[in-house]
Every structure is written in structure tokens, then in C-alpha cells.
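With the hints as your guide, set chain B onto chain A.
Sequence order for the protein chains is A and B.
Heads up: the first sequence is residues 88 to 719, going by the numbering used here.
Heads up: the second sequence is residues 88 to 719, going by the numbering used here.
Hints in this document: simulated from the structure, not taken from any laboratory.
It should be emphasised that the depicted structure is a prediction, and the values quoted were computed from it without experimental measurement.
Certain hints may be false.
The list makes no distinction among identical chains, and a pair is therefore deemed to hold if it is satisfied within one copy or across any two copies.
Within a straight-line C-alpha distance of at most 27 angstroms, the following computed DSS-like cross-link-like pairs (lysine-lysine) qualify [said to hold, decoys possible]:
1. K345 with K293
2. K321 with K417
3. K457 with K477
4. K134 with K279
5. K567 with K293
Number of protein chains: 2
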Amino acid sequence: MSYKVIFQPSGSRGEIEPDTSLLDAARTMGVDLEALCGGAGVCGKCKVIIMEGYFTRYNVRSSQEHLTVLTSEEQELLQEEEIAKGCRLACLSSVQGDLVVYVPPESQRSRQVILEEGREREYKLLPAVEAFSMQLQPPSLEDNRADAQRLQEALEENSGLRPAIDYLVLKDLPGEIRQENYQVQADMWKEKEIIRVTPAARGRSKRWGLAVDVGTTTVAAYLCDLDAGEVKAKASDVNPQVAYGEDIISRITFSGQKPEHRKTMQQMIIDTVTGLAHKMTEEAGGTPEDILDAAVVFNSVMHHLFLGFDPRHLGGSPFVPASKDSLDIKARDLGLGINPSAYVHTLPLISGYVGADNVALLIAEEPHKKEELGLYIDIGTNGEVDLGNKAKLSCTSCATGPALEGAQIKFGMRAAPGAIEKVIISPEDLEPRYKIIGQESWYPDIIETPARGLCGSGIIDLVAEMYKAGIIDQGGRLQKELEHSRIRQGASGRMEYVVAWSGETGQSRDVIIDQQDIRAVQLAKAALFVGAEILMEQRGIQVPEFITLAGAFGNYINQESALAIGMFPSCEPEKIYSVGNSAGDGARLALLNREKREEACHLAREVSFVETALDSTFQERYIEALGFPQKI
Amino acid sequence: MSYKVIFQPSGSRGEIEPDTSLLDAARTMGVDLEALCGGAGVCGKCKVIIMEGYFTRYNVRSSQEHLTVLTSEEQELLQEEEIAKGCRLACLSSVQGDLVVYVPPESQRSRQVILEEGREREYKLLPAVEAFSMQLQPPSLEDNRADAQRLQEALEENSGLRPAIDYLVLKDLPGEIRQENYQVQADMWKEKEIIRVTPAARGRSKRWGLAVDVGTTTVAAYLCDLDAGEVKAKASDVNPQVAYGEDIISRITFSGQKPEHRKTMQQMIIDTVTGLAHKMTEEAGGTPEDILDAAVVFNSVMHHLFLGFDPRHLGGSPFVPASKDSLDIKARDLGLGINPSAYVHTLPLISGYVGADNVALLIAEEPHKKEELGLYIDIGTNGEVDLGNKAKLSCTSCATGPALEGAQIKFGMRAAPGAIEKVIISPEDLEPRYKIIGQESWYPDIIETPARGLCGSGIIDLVAEMYKAGIIDQGGRLQKELEHSRIRQGASGRMEYVVAWSGETGQSRDVIIDQQDIRAVQLAKAALFVGAEILMEQRGIQVPEFITLAGAFGNYINQESALAIGMFPSCEPEKIYSVGNSAGDGARLALLNREKREEACHLAREVSFVETALDSTFQERYIEALGFPQKI
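Looking at chain A on its own, in the form it has when it is part of the complex:
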């Protein structure tokens, strides 16, 4: 003799011996159920809700009688309202009849999922889209409820919820539920809306999600499995809007000119993300329709251009965004090529300057959960700096410009083969040694590829080494008094330093850095430095307890060089961490754990945004910060 037990939302069903505890039943059936105390009846974590199963529907006994009676321990550990709605502790209640048991999200075990890339981040898998497996009653002349209402009522019996059904799902519902004889999987978004119904007899339908970090220059996307939390595929592409301007100001200008321009800009980026989604789903063996959720982060301007919002007022004081709040927009309204019934979740902005990418960094790095006071620097086309801990968080935006990424530098280029990424200059003979992306050896040793230019980390190394070798002074001036073949006046009339000679290893012209390039680096690093300095001063500290460098760039930067040119406040080198694309990590966390979305909204409101330009000492500090620190 045994009883039928069904666990929801997984839909797992099994035959269970009488007097088996629900916790043991869950374990036998592989159902994800938390039990910190291991079933000792003391932690109160294994809460489940007893639902009326459809097979007890015509049964006179109430489903509560299909369990052993409520124990005194349960009465103590559960709230009265919980007991009223059928809540029990799985380890203390044993099967006495057929049952449908709902495991609420808070009782699902943390699956110890690890985000790869950079650092290990553990998080609880709690996607916004849950799946329910159900066997519906086939209709008859006596029970000719409509398909939608039949589904909703079955779901209500199985979960206590009665969500709406997306219009597009309704269109094909009659066919979908009949295909496998009324055995269905219903995917529900945030307990509010059914966004997909598929025949379920052949096992679970794929449930994927898309996390996207839309940068000014680069778009990074991740395809994740919502059930396992793992990354199925990654892909990235150039943001095609660069064709209309490398920096955000020219994009605001262009898209603000005419509504059609704004439409074009949106279409370009939406098409790019659609392309990435198609590429990744194909690679992972599915279709874009399998993507049921998406989380997207961006800076404030990319946010507006992605959503098609009028961006004009982001470009001038008082820098007001169209909307700051997180949004959930139907994929079909955006024209994004994933499941058209899915919602695309955008993380909130902090201000017209500080975007959702910084919010994503915060939910990934979690400064608000740490005792230590950390400084978080995200180096991109716009720099963002956060300072804080449990007690308080503040942030600012720094107009670094793209120099630190290699743009607006004469020989600047992206971190691609041919780019000089590391430089050392001998203080004795002022001759450089450098490493090119794509090959192991250093110049002047065997060099196979010609140096084509300098990427961000190469530029920072170069300026730092020139300063250390005395080629530039503390004010950043190139020392023309030094008699050296590499130090010369260029065709522009400006002084320059030759990093690589033309002819040498096959390059067609001299790769140089000139006085103007050095000034651009100085302006950029001073902006970052002053931003951090003002935040620290407001907090009353001199030195942060640690520094976290985020942004893809942060991974490649030579921290010693960055400190040497004064890019950020001094800090013990072992307390400087490079964490890679934190914004992308944050997007994935928001995708896989819906509580992170609430945390993001909370943080966006709570972080105090410091407008450094409003600080009366800003100009003075900025000018002071243009120079380099004393050499150590």
C-alpha cells in the first residue's frame, strides 16, 4: 500500500509508503527542499504548503487528513497565518494519503551555484520564472470549462496562485494542452503571469535566460539555464552604435536630432542582442523561444538608447533621465528576438550619470554586506567610483573620457592582436621592452607581429614607465632636454616618444606617444582620482581598506603602473583586486535570483550619489591631481 505524492513547482510525482515524512519523500524523489537541521524539527526551514490535489477533489476527506496531525513543535515554529493557509514542516509531517505539496521559493535549497569568470560568487538560484508540471482533467460535457480557466484552476490547486495568462500564450493554448493528453508545463513569471505552456509528457522544456551588459563599446551576453544556474554559452559583439559616435555625447546628439534617429539607434542595439541570443541558443542546441527571461544592464545613456527613450535631457544639466526605475518590458514590445511572451528586466539607474551597470556591480560585489570599507572603481568610457560598506554607500561618476581605454590616443587601439599591452622602460638607456597581444616573447626578442598600436593597459604602463625613467616629469611634461633618438619633436610640433620604430619587425610607421596623449591620460586619471578622493573625504577616511577594479579592463591593468601615475588612492598592492566584468556578473545574478532585483532597486535608491562638480574644491583638486605622485 502506498500513496500518490506530487511536489510542486517541480511536478515530481511518486508512490510513497505510509508514515514516510514529507522530507524523506522529497529526498527520495529528488525534490529541492531546505532542511538545515537535517530533519531534527528545530530549524523550521522545511516549510511546505499542503494544497488540494486534483485527485483528492472528489474525495470527502480534506487533504490535511492525509498527513499526521500538527505537532506542538510545528505550532511553535510556524506563524498562525502560516498554519491557516496549510503550512507544515516537512520533517515533522508524515504521509497518510494522497497529497499535493507546494515547496515555496524560500524553502528551496540554495544550490551552491558558482558564477564562473573571475571570482567565485555563490548565490541562491531563484529565477523569476518558475515551472509547474501538471496533469489537467480532460474536458467533458459535464466539465466544459474553458482551457484557460482549466489551467488556472489546476495551477491554483497546485500552488495557491492564480496568475493571468499572457495573450500570446492563449492563442495556442488549446493545441498545446491537448498535444500530450493534457499533461503540461506552465512557466510562470513572478507568480503573476503564465508566459509559456508546453506539452510536458516528454520531460521538461528548456528554460533559459539571457543576461546582457550593454556597454558603450562592447555588448557582452550570457545564456544561462534557469534550472541549473549554469552558463550555457557566452558571446560578445561591438555595440554597432559606435558608427554614430564613440562617446556617449555624440550618440545623444545624433539620436536626439530626430525620432527616426532614435529609432535607428534602438533597432541597431536590439538587433545585436537578438543576434547574440540566436548565436548562443544555436550553440547550446535550442532556439531563441527557449529564452524565458532576460536581465539587462547598461550605463544611463545606453539604457535610454536600448529602450528607445528620448535621451536629450541626459546630455545637459540637470541631467534628468526619462525613467530611473527598473522596468519589466515584454520582449515583443522591444522587438527582442527571444520568447515574445518573456519579460526583459532592466536594472534601475542611480542617476543621469550612474547607470544600471554600477547597480549591477553593487549587487555582485555586495559592499553593503561587508564590514570593510572598500573603494570600487569601474573603468570604462565613463568611470564610476563607489565607496562604502554595511553602514553607508556613496558613488560618483567621473568624466574620464575614453583615453584609459586607448581611444583618443593617437596610436590607441582595442585590446586585439598587434596591440602593445605591457611596457617596461630601462631608466639607464631609456629603451623600451614591450609585449604584444598574441605572442609570448618581449621586444626586442623575437617579434613575429608588428606592433600596431597601444591598448589601455599598454598606455598606462607606458606613461608610468616614462615617468619612472624620467622621460616625463611630475607635471607630465616630456623632457626635450634628454638627448635620445626616441625623444623628438614630431611633425605636429609636439614632443613625442617613439615606442616602436617603423621598419622594425615589419611595421609601416613609428608607433609614438606624444605630449597630447599624455595630457589625455592625465585628465582621465585625475578625474578618477578626485572622484575617489571626494568620496573618501566625505566619509572621513584617508585610505580605503581595499580597492576593487572592475570592468574588463581592470583585469589587464598593471596595478603598480596605475598606482605610479596616481589613477587611484594608494593602497597596499595585495589589497587591490581585479574582478573583471562585475556589471555582467550582476546582470547574471539578477537573472538567476529575483531577490537580487529587489536588492538592486533598494541599492539604487539608497546609494548616495555625490555630484563632484558641485563640490566647491573640485576644480582645485582636479588641477592638483593632474600631476603624478612622488616617486617611491
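Okay, now just chain B, sitting in the frame of chain A:
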């Protein structure tokens, strides 16, 4: 000395003398506020909610102090919760300072709006979309809230509500609010979502709504002003789906064959309604974007085809619809060419047979509010019959087929010029007299147009007169024994009666009715009759207290002829009312009063649907009803 008072949602503002009652202030400013007792402080109808106005924001005094203190009469007439949320009675509270006052929908006067066409119907104007006029604070460096949040917070101050903002509205929000220096009109759907924001300085933006009755053969549409309740324009068109079958079964068959067929069918009808909307808005001097709401009714099959739902299972037992509930679908999701942010409201179905058009009839005729027990007959391609009063309502669907509308009758045609619409046959010489649509005189008097065929009312007259004259017997058989030139065997071998001779008045061939046509009329009228009979029997009555004939056809039918052939149970002729297109009236009522939508949902659940085919006596009754009643 005077104070600023703003009433919402109208946005009316004025300078009011101290000690003026809010009711008088509302009257002075032309604000719509109910006061049944005329301000005597006894009816409790003039409830208003005192909001914090933005101009009291930096003011230390609370806004309640800007009014005289709560009177004991108010304490009696208001609930405790109402008082807690700032509710007052307008006739009992007087102005003592600047104020923002919200007039909730229930306190807005019934505007005694009359639906034209057919009957006078009085209803309360309470559209689902309300308009709020507001002056927003311009942003500054100190107040750089996002535009969306600025709008939401202003609306919250003005109404206590914080609705979401439709995604499309967000796109252009920055431009819209700045166009008239932050003076805006926000249109809000069901207190949940802002669906339009327009600059407001130049007066109120047009607020229109669309009511549509999608019939199997004809589509009727009305353009209404949501503020005045009046019809701005009317238009109708043929349902283009007739190209794929005149009856619902062939349309189910065609659209069930392939998803593309279903798409085509939906596109056709959506395009037709869009066309009507464009035509009407142009006529009324506006654009389709001015249409902010829509209410649509249809039978169950047209419902599925309009919404693009898979209709296959409506066509076979147990006749299960995809969804029965009322739906609110974004116009853009339907592809309907009105304001893309508007919702299209579809009224609920009662069953797979009885559609939203019958629900619309019920909210228009309101049998559930009457003491008298009425029989409501809607004659269309499918007949629907409702019986009931306050105590109970039941309904059934009758497979009449299209014979009563003139289809499937050899010389049947639509009620268009050339159609014979009225017939009298002399019992003496069996010669007919008839009237043709489009001319005044009767045959055989001066006839200008040839008779082209018979429309519905003409067919019923003809059959009734043939019976009364003894040309057909009680069983419906044409009496071939009668020697008369008009009674003959036709080319088909069937007996026939010649209504109009070829050559006469220029027609090219004899217009006849034959035995097969008469049988089709008998089958149709028997179906209606038995439907009504079973409902009456279940209710335990022999005769209804009155009969209401709905459907465009019901207006033209000769009630005496209908009674003579036994189309419906006998009833005193002065107790038979023809009400025209009740379904269309119901659609307009649902458009103009959102409480009617709730009433519709309630009725759709409460009406008991009687499946006449399940009645064991149905076959027997049906055969019996095929014959004609005893002549009186």
C-alpha cells in the same frame, strides 16, 4: 483674500473665498460632484479625498488644517477607514487654505447620458480611462528626479494613486512634459497604468473610445467621447471573413487547418475594425491615436477569430473555448490601429456557444434588475435566448442557421434595395401584395424596381401568409391540390409558390419560395421555439411577462407573422418589444462605464447555460415544433 483649490481628476483650479464649502467650490468651478440631498449633509454622497497639494509641500501645516474641522455628521456618515485616508463630505467642509481635492469615481454625478438608437438607456459615465491635469515642478540640480518618477509622484500627490507608466509612453515622456513647460495631462487606465501623457496648456486632449460589435456577417462600430459620453460617429462594414464561409462552422474549419489561416482570419477582421476607426476619427476631426479605450463584443467563434485563438475545439463536443474570461489586451498586441498604449477590452463569453454579444445584451437590457420575467431573443446566424429576472437568469443557444436572415433560401438576400420586406396574401384569390425596400408603394401598384429576392422579414411574412391563406398546411406542406397559377412544380421537382413573375416590373426570372425553403424556415423557428420552451419549462412558466427581440433583424420583423409561424411562445403583442442591436448598445455601455464590465463578468458566471441538446425531450419537442400553431 482667497485660496487656491484644485479638483482632480479634472484638474480644474480656481481661487476660492475662505469659508466656501467644497461643494459650492466644485459647483463654481464646474466640477462634476454628486450631491443627492443638495448639500443638506444627509445623503453622504459628496465624498471627496483631501490630497497633499504640491503647493503645500514645503508648508508646515497639514492639508487637513486647510479645511474646517470634521463635523459630527461626517463622523456618522463616513467609515473609519475613509476618515483615515482623508475622506470628507464636500457639503460639510469649508475652505481654510490651499487645497488639492480628489473626486473619486463614485462621487461623480451620473450625467444622465442617453444612448441613442432604439431605446433611451440612462447610465453613469464612468470610463475606464481617467484624465488628470497637473503642473509638474521643473527639474533643477537640487531636484533631478527622473521624468517618470516626477510624474508619478505628482499624480500620487493629486490622487493618492501611483500607477505604472506604459513602456511606449516612457519613450517620448521627456519631450511631452517639457513642451508646455511641465503642464501635462495624464490619462490613466483603471487606476493602474498611465497610457498617455500630453502637454496640457492648450486645453484637454481628445479622449475617445471605440465600441465594436463583431458579428458573423456585419461589424458595427461606434466612436464615443469618453468625457461627454456622446457618440461622435458610427460606421459598419461587412465582416470580410465571409469570404471563407458564411457560417461559423466553415470559418472554424478553414482557420483550424493551418496557423497561417488563423492569422489571415484575424488580420482581416482587425484590419476592418482599424479601417472603421480611421474612418470615424477622420469624420470626427481627430486621429486614431485619440482612441484611448475599446470594448468589443462577439459570438464565441468571432471572439476566437478576432483574438487569433485556436478555434478548433469550439467546433466539436464538448465545445470548449480557449478562454471565457474578459480580457484587456494592448491594442499594439492585437495590431489594432488605435492608440497603441490603449487596452482593448473584450467582454466575457458564457460558453462555447453563447458569446460576449449575449453578455452585452444582458448588461444593456438588465433582466437581472427587473421584477418581470422576460424572454430575450437575439436572432442572428445563431439564435440566443435568455429568460429571467432579478431572481434567476438562464440562457441557451439555438442552432437556427441563417434561414431567418435570408441565407440558404433560394431567393434570400440581405435587407437591401430590391428585397421584398413585407408580404400579404389574400385568402380569397391567393394573390400576393408585397413591398420592396427602397420604394413606398405595394405591388401590384406602381412598381419602379424589380423584386430581386426576399429578405428575412419578407420570408417570415411570406411563410406566415401562405399558412394563413391555406397555401401550406399546419405541417408546412405546400398544397399542390390547390389549382392556382402561382402554385406549381418547379424545375427541381419541388413544389413552389411564385411571389413575383418574371417580366413583371422588369425582373428577369420568377421569384419563388419552394418546399425546401419552407422546411429551412421551419427548422430555424423550431430551434428558437424549443430553446425558449425548455427555458420556460425549467423556470416553471407557460408564458413570459414580455418578449424582447434583439438583433438588427428584430427591428424589422412583423411580430404578428412571427407569432403566426410559432417562432416564439405566444405573448400579448403589446408586450413584444424590438430593441435593435442590444449587443452594440452593451458594447457602448461597457466602454463608457467600467462598472458595466464587472457586471458583465458577474453575469457571465451567474447566468445558467442550458444545453438544450442534453434535454432528453429535445428531439421530440423539436419535431413537434416544426409545425405551425393552430390558426387563431
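Copy assignment of K345 with K293, given that the CA separation must stay at most 27 angstroms: For K345 and K293, the Cα distance is within 27 angstroms only across copies (26 angstroms; inside one copy 41 angstroms).
K567 and K293: within-copy, between-copy, both or neither at 27 angstroms Cα: Answer is neither; intra-copy 65 angstroms and inter-copy 72 angstroms both fail.
27 angstroms Cα threshold - placement of K417 relative to K321: within (23 angstroms within a copy, 34 angstroms between copies)
Up to 27 angstroms CA-CA - K279 versus K134, copy category: within (22 angstroms within a copy, 34 angstroms between copies)
Intra- versus inter-copy proximity for K477 and K457 (alpha-carbon distance at most 27 angstroms): within (5 angstroms within a copy, 66 angstroms between copies)
Comparing the model with each numbered hint stated earlier shows that hint 5 is the single one that does not hold.
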